[in-house]
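If you want the building blocks of each chain, they are given just below.
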Amino acid sequence: MEELNLIWMQGQTCDGDSMSVIDAELPDFITFLARNKINLLYHPTLSPQFGPEAQKLFEDCLSGKVRVDIFVFEGSVPTKDGYGDFLGTDVKTVVKNFASKAMITVAVGTCAAFGGIPAAPPNESGSMGLQFKCYKKGGWLGEEYVSGLGFPVINIPGCPTHPDWVINTLQSFRLGRPVILDEYNRPKDYFEEKVHRGCKHCEFHERGLWAKNYTEIGCYAAELGCKGRTTNADCNIRLWNGVSSCTRSGAPCIGCCDPGFPMSMTPFSEETLSLPEDVKVIVNAKKKVLYGGE
Amino acid sequence: MSHKTIIDPLNRIEGDMAVEITVDEHGKVTDAKSIGFVYRGFENIFKGHKPFDAMRMSQRSCGVCPVSHGTAGAKAIENIVDFKIPRNGQLVRDIVLGANIIVSHATHFYFMWAPDLVNPEYKKQKLYPEIVKRFDPLKSEHLKAVLKNARIPLHSVVATFGGKFPHPMHAIPGGACSIPKHIELIKVDTMVKEVKAFVEEAVLNGITLEDWAKVKSVKQVLELMKDKTFAESDIGLFIQYGQAIGLHEYGEGTDNNFIAFGFGENKDGSWLFKPGYLEDGKLHKLDEDHISEDTHHSYYETEKEWRKPKDGKTAPVPRKEGAYSWVKSPRYFGNVCELGPLARQLVNEDPLITDLVKTFGVNTFTRTIARLHEICLILPKLIEWIGELDLEKPFYSPFPEITEGSGYGLAEAPRGGVGHWITVKDGKCEIYQIITPTTWNCSPKDSNGKHGAIEQALVGIKTKGKDSILEAAHIVRSFDPCISCSIHAVGAKKARIRIDPGL
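Chains A and B, in that order, are what the protein sequence lines are. Residue numbering for the first sequence follows our numbering, beginning at 1 and increasing consecutively. Residue numbering for the second sequence follows our numbering, beginning at 295 and increasing consecutively.
Source of the hints: derived by calculation from the structure; they are not laboratory data. One thing to keep in mind: the hints can contain errors.
[What the hints assert, rightly or not] Under the rule of at most 16 Å between Cα atoms (straight-line distance), these lysine to aspartate or glutamate pairs were calculated in the EDC-like manner:
id, chain 1, residue 1, chain 2, residue 2
1, B, K687, A, E216
2, A, K200, B, E695
3, B, K614, A, E25
4, B, K475, A, E216
5, B, K341, A, E124
6, B, K614, A, D81
7, A, K212, B, E695
8, B, K758, B, E319
9, B, K719, B, E695
10, B, K442, A, E25
11, B, K438, A, E25
12, B, K607, A, E124
13, A, K96, A, E143
14, B, K722, A, E270
Make the full structure from the sequences, and use the hints.
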């Protein structure tokens, strides 16, 4: 197996996706890299090299001396001049340069994928995702961008993203398995279900029993604005940190994986999006059976 | 003749930052600029949102210490109506925050700090082979063990109460929205006890945390060091090696004022780590009203008067003349302060850390020891707090809709105290201001010409060689800043090392 070079860079970020990825459990992140022969060329929080040594590496990547197989970007891209000076140039230029060299480009976290909180109004820094601006295709690299292998930017959103989503996607590439993308260029396998599926409060939803306030028994959708029915992510099937999820622990979903996060989701405590048709059918059918009518 | 060296990027720090130092012909640092260079404008984004939404988003300003931001945000909103949360709610917040502080300290020490100990510059050190074996980044089995046996289980504890890490969701105005069951508390208790056992076996080499709690002076530590097993533990090894490479010789902040916001409220109102302000060795009560921020050297509108955060303003002026950072300059009574584990333990009058500073002073070495010491102080407390949770009683009290008013919330983050200030009008946020510990530590010069804490620690150090940047990296990282840091050392002859402009 030939070694693959992975370079990880950051823009307007909280570092949360990096922190999430190193919580990977089976295997842990370090073992994952070793087993899959992925050479972590550079990572902002993990790499030993810094200063001149790191610069030399970046130069070698851009001159073609060192191959960039996987370019992972975390955080949104400030596209207005003066808001993201970085490495003697700026974030937006660094992104373009590395994306042009990469065989695969991966946007990790909602910020890198869709813009996230920094791109919310007033968006003073002209912030956006790598290839999306909320729901709209385009973003900093433009709609036409494809990486060396001919793929668009692979979006793995989440605030934070889930370590499995990132690691298993990379592994799929490693093993030559197909990664099917949805309309937002997310790996479909992780984002086709709604957060609602597998939620431990589902039963209450079916029976129309709504929690009126926090820590009460019931579904959080009607009164507490849970976005689980409209947000695509397998949080409640996969679980987080091996044990839990937002809704499982008692917190209504705030839709952090959605391309429209945060603006389409606020107020968090109220319903903001119309229900998808399939969920509506289930709600209505159940109501009919259990309560004899709408 | 003084000269320039630029170290860029300086990584293994969270976020975006640079430090530029001027080095004279003797290798002495004569000036330092700490530069935050990426703007996100969170505070302006929150304007017009409901306070609850602003709080949820404000947590996302940091993926390393999101718990502290969530806590401070919830407290700020509660402060508007002087709301008292149920004891269970307080306990959940402290358990989750405690777990976060431990993990953050361990991650910092093993993954961000220790790789510098492996630097080839130290090849000739007697202990070097052992250091490499234990701390070589991305290779060492020991680091993997820390991930598996401390970081991952403690984050499962966080997730049990808050859904996930980062950005756990438990802290809301009114308490905590967690709904744990007995079986989950048993599991959480077991996990924390396993982490404790791991720390005692693999980090302290057989010293229990109960025994460690009895160590109250440097003399006692030296006594322990006579035992070969302890001397070879992670802490023991760092004590030996840290002195051998001279970490105790530099990194002092010249002003030596310290602030802590308090962590771990006990039932009787006492604290695990109490809040306070330490000036010239004298401890004062903390009053947030004495905090004000200057923007003289920051990329924001310059104002004649320094602003208190409750009236704070975020008006960006990119590439402003005379400015060099996106970080503002917060001051307490106009004084520069240091925040973090060392500050916290000095304010807390912890006997060991107080004696350590008496013996060695404030420097890169003692900052790191204080960080490791805190892990040992918090872990047993987590077990106690989990035991105190009472599932028969509420975790949350229904919280009213806030339409008008101002409030503030202070909390401790792993790397120092964090404050949120909020003003609500017509049910929407009018002002939201955040001051993080790194804002204090990495602040640029203020209008009085006073350097921020990290800048002070850098000025005056003597670098080993003309191109040696390792000391500067040690100093900056010893503060555990939460902004990805690139050091620009402004120094010698040809050595303006910058990335090719083509990048």
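Against the structure, the hints:
1. Restraint check: the Cα-Cα separation between K687 (chain B) and E216 (chain A) comes to about 13 Å, which is no more than 16 Å; the hinted pair holds.
2. With a C-alpha separation of about 28 Å, the suggested pairing of K200 (chain A) with E695 (chain B) is violated against the 16 Å cut-off.
3. Note on K614 (chain B) and E25 (chain A): the hinted pairing is violated, with a Cα-Cα distance of about 46 Å set against a maximum of 16 Å.
4. Distance hint between K475 (chain B) and E216 (chain A) is fulfilled; the C-alpha atoms sit about 13 Å from each other, no more than 16 Å.
5. Only pairs whose Cα atoms come within 16 Å are accepted, and K341 (chain B) paired with E124 (chain A) is accepted, the gap being roughly 13 Å.
6. For a cut-off of 16 Å, the pair hint linking K614 (chain B) to D81 (chain A) stands: about 13 Å separates their Cα positions.
7. Of the supplied pair hints, the one linking K212 (chain A) and E695 (chain B) holds, its CA atoms being roughly 14 Å apart against a limit of 16 Å.
8. At most 16 Å may separate the alpha-carbon atoms for a hinted pair to count; K758 (chain B) and E319 (chain B) meet this at roughly 12 Å.
9. Restraint check: the Cα-Cα separation between K719 (chain B) and E695 (chain B) comes to about 12 Å, which is no more than 16 Å; the hinted pair holds.
10. For the proposed pair K442 (chain B) and E25 (chain A), the alpha carbon gap of about 8 Å is at most 16 Å, so the pair holds.
11. Distance restraint check for K438 (chain B) and E25 (chain A): the Cα-Cα separation of roughly 11 Å lies within the 16 Å cut-off, and the hinted pair is therefore satisfied.
12. The straight-line distance between the Cα atoms of K607 (chain B) and E124 (chain A) is roughly 14 Å, inside the 16 Å bound, and the hint therefore holds.
13. Among the hinted pairs, K96 (chain A) with E143 (chain A) is consistent with the structure: their alpha-carbon atoms are about 13 Å apart, no more than 16 Å.
14. This hinted pair checks out: K722 (chain B) and E270 (chain A) have alpha carbons roughly 15 Å apart, not beyond 16 Å.
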